[in-house]
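Novice: Protein sequences, first through last, are from chains A and B. For what it's worth, our numbering labels the leading residue of the first sequence as 1, then goes sequentially. For what it's worth, our numbering labels the leading residue of the second sequence as 494, then goes sequentially.
In short, the hints are calculated from the structure, not lab data. Do not take every clue at face value.
Taking lysine to any residue and the SDA-like style, the derived pairs with C-alpha atoms no more than 25 Å apart in a straight line are [to be verified]:
hint	chain 1	residue 1	chain 2	residue 2
1	A	LYS153	B	VAL507
2	A	LYS141	A	ASN161
3	A	LYS172	A	LEU250
4	A	LYS153	B	HIS669
5	B	LYS588	A	ARG160
6	A	LYS181	B	ARG582
7	A	LYS153	B	LEU615
8	B	LYS504	A	GLU148
9	A	LYS153	B	GLY708
10	A	LYS338	A	LEU250
11	A	LYS181	A	SER282
12	A	LYS181	A	CYS90
13	B	LYS688	B	PHE497
14	A	LYS153	B	ARG541
15	A	LYS172	B	ARG522
16	A	LYS172	B	HIS575
17	A	LYS141	A	GLN156
18	B	LYS504	B	ARG541
19	A	LYS172	B	GLU547
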Amino acid sequence: MNNPRAHNTTASHYRHISLVLAGFALLAFFLADIDITTRSPGTELGRILAGLIRPDFFATDHLLQATLFTLSFAVQGVALGAAVGFVLACFWHYRSVRMASATVRAIHELFWGLIFLQLTGLSTLTGVLAIAIPYSGIFAKVFGEFLEESNSKPAQALARNSGPLSTFFFAKLPLVWAQFKVYGAYRLECGIRSSAILGFIGLPTLGFHLETAFRQGDYSAGAALLYIFFLLIISMRGWLHARLIPIYLLAALLYAPPLSSNTGASLWRFLSHDIMPAPLRSGYSGDLTFSRWALDLVSQQAVPGLVNTLVLGSAALLMTGLIAIMILPLLSRHFSGKLVRSGANIFVIMMRTTPEFLLAFIFLLALGPSMLPGIFALALHTGAIIGHLTSRIADQLPIPSNSARGLNRLSFEVLPRVYGNFLALLLYRWEIIMRETAILGLIGIPTIGFYIDSAFAEFRLDRAFFLIAVSVILNLSVDGLSRTLRNRLRLHA
Amino acid sequence: MFTFEHHTLRKQGVVILDDISLHIAAGERVALLGASGAGKSTLLQLMREQHPDEIAWCPQDGAMVPPLSVFHNIYMGSLDRHNALYNLRNLIYPKAKERRAIRTIANALGIGEKLFTSIDRLSGGQAQRTALGRALYAQKETLLADEPVSSLDELQGGNLLRHTLSTHTTAVIALHDQFLALSCFDRVIGLRNGKILIDQPAASLNHDDLLPLYGQASPT
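Please build the complete structure, drawing on both the sequences and the hints.
Specialist: The structure is reproduced here in structure tokens:
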């Protein structure tokens, strides 16, 4: 007998997975430290807002220099990443290539920056490699999947002994070239964001001056830097043309040659000595055994760091979903008039243009150190992106004008139709949320990045390396889990 | 040149070709007829695999690279004649010699004006002419083609078909146009549900003989 109360609908599957995810996230909220620790958050927030209204473009020295460095690092890093990623994508059918690119992209640009500070110092090379290495992993994945999904008929129709190189350039590459270009432009936008926040670890980009200005409470100077950053990204449409890219690259190379005064000797020392667990190094004189070293590190740093990262990331995931669904009606033509839509659009553009890390930093100043600023920042940034993408899908739906309105329309007509896309996007972004959660440690929120940053600060590179490896495993697991869920629900963004 | 002895092919349990016995000698021009799903494309594919390097191949669709020009899509017929470096050079900046050779082919096919227009900006008929151009530029003795003139009207299609046949010594071409099959070829092979129903000289057949291929009774 069929149970008459058993639901066999797609909607009930969506509901089920949403409830499980939300349950975990609620648990995370209870565990999370979400106190507001500043005495009067309203006052500080007011001062920040006042600064945003009255930006001061003359308060920061070397403003032009910082802007040009930001662009130079981004252009060089993205170009190198795209070139390496392109080569890797040609070998995407090898499991080892897929594993290697998953690993390098699981480590955030800021962590790569911290690693290269040890090797190549405060130099352009550090900034360029910090962007290029994780981006090559991302490019490899995206380009590799484009090539895999492209039509294989043209290649099959060629004479069998046309040669792999000719086949690739005539019958494969032209099919995906347009997609490559669009994705490359999007990545350059991300590269400018990454380049800016690399200033937080000391590189001379906009983020460096932004951090200084905000920490000193000079919010007018900070606001000016923020607006310059917005301008760089929003104006991209106007200055990013395929033909001009070689010129930009040349200019970037001339303005900031990717050099470092450090020699290769320290690379060997770094690999063979510095990142080796201390008790295993040759000439170790302390009394720690390796197992003791590992056990201490795991129990005192890795586990608390991982738990905090998971708690913050999960809470942020729930809040991201809620914000996206709240923004959706404001952005969609099914619910809002032109005025509301353009207002909501400005908000969304600002939120997705500002890196999560930067938002978290600003909220942290207002609300004090806890997980709350991190949750807010991740949820606002990611929620804006998902809300925007979902609303675009919703706007393509034809909905008869005589059907339900308002909340009824949202819950009966629109949400059931777009929920699959929404869930897919949310699960896609989950990995990115975890990646960003980890680096929030650099501004004092005790995720795994906090312990990594402290280990670098104490020059305990062995510990830093171990903890980075732990964060890689966390990221790869979340990525795997998200893929499993998407496949099970047969979701596509 | 092509030989099948009691050949049966199944894909996922479905019989595609059923006990096919067939011999095609070099120098023959064969039209392959049959309703869609009769197994024509599969049979051509198997023929191609018997002599992969000696065949000018013109599949039904999807073989053109849409963002590339007519020139490049025709040039692709000759990739196996040159080294990769020469091919890349012609991808980026075509040599005058190649331009001349391919312009001649394109003119004969009526697409000379469109030589440097990409396939995604052409009509289906123009894309089909380009596909024929590629097969011609492969410069092989043997042509295997699957519905190469289906998007053209009978007059133009007939002219192009005759032009293409005149440049190959052996040809097996799948068609849906029965008139062209009977007027341009030496031999007609008719398939129905994976079986060979007709295999006769074209001169000995008339239109009514072909009706059973499409599930209609012959009036005689």
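Novice: Would you mind marking each hint as holding or not holding in the structure?
Specialist: Status of each hint after checking the structure:
1. About 23 Å separates the Cα atoms of LYS153 of chain A and VAL507 of chain B, which keeps this hinted pair within 25 Å; it holds.
2. A C-alpha spacing of about 28 Å is found between LYS141 of chain A and ASN161 of chain A, which places the hinted pair above 25 Å, so the restraint is violated.
3. Taken as a hint, the LYS172 of chain A and LEU250 of chain A pair is broken in the structure, with Cα atoms around 29 Å apart against an allowance of 25 Å.
4. Taken as a hint, the LYS153 of chain A and HIS669 of chain B pair is honoured in the structure, with Cα atoms around 22 Å apart against an allowance of 25 Å.
5. With a C-alpha separation of about 24 Å, the suggested pairing of LYS588 of chain B with ARG160 of chain A holds against the 25 Å cut-off.
6. A C-alpha spacing of about 22 Å is found between LYS181 of chain A and ARG582 of chain B, which places the hinted pair at or below 25 Å, so the restraint holds.
7. Straight-line distance between C-alpha atoms of LYS153 of chain A and LEU615 of chain B comes to about 19 Å, which keeps the hinted pair within the 25 Å bound.
8. For the hint pairing LYS504 of chain B with GLU148 of chain A, the CA-to-CA distance comes to about 24 Å; that is within 25 Å, so the pair holds.
9. For the hint linking LYS153 of chain A to GLY708 of chain B, the alpha-carbon distance of about 31 Å lies beyond 25 Å, and the restraint is violated.
10. The suggested pairing of LYS338 of chain A with LEU250 of chain A is violated, with an alpha-carbon distance near 43 Å, which exceeds 25 Å.
11. For the suggested pair LYS181 of chain A and SER282 of chain A, the alpha carbons sit about 49 Å apart, so the restraint of at most 25 Å is broken.
12. The straight-line distance between the Cα atoms of LYS181 of chain A and CYS90 of chain A is roughly 16 Å, inside the 25 Å bound, and the hint therefore holds.
13. Taking the CA atoms of LYS688 of chain B and PHE497 of chain B, the gap is about 12 Å. The hint holds against a cut of 25 Å.
14. Only pairs whose Cα atoms come within 25 Å are accepted, and LYS153 of chain A paired with ARG541 of chain B is accepted, the gap being roughly 15 Å.
15. Simply put, LYS172 of chain A and ARG522 of chain B have alpha-carbon atoms about 33 Å apart, too far for the 25 Å limit, and the pair is violated.
16. Proposed proximity of LYS172 of chain A and HIS575 of chain B is supported: the alpha carbons are some 18 Å apart, at most 25 Å.
17. Proximity of LYS141 of chain A to GLN156 of chain A is assessed by CA-CA distance (about 24 Å); at most 25 Å being required, the pair is judged to hold.
18. As the CA atoms of LYS504 of chain B and ARG541 of chain B are separated by approximately 18 Å, the hinted pair is consistent with the 25 Å bound.
19. Under the criterion of a C-alpha separation no larger than 25 Å, the hint pairing LYS172 of chain A with GLU547 of chain B is consistent with the structure, at around 23 Å.
When the structure is compared with the earlier hints, violations turn up for hints 2, 3, 9, 10, 11 and 15 and for no others.
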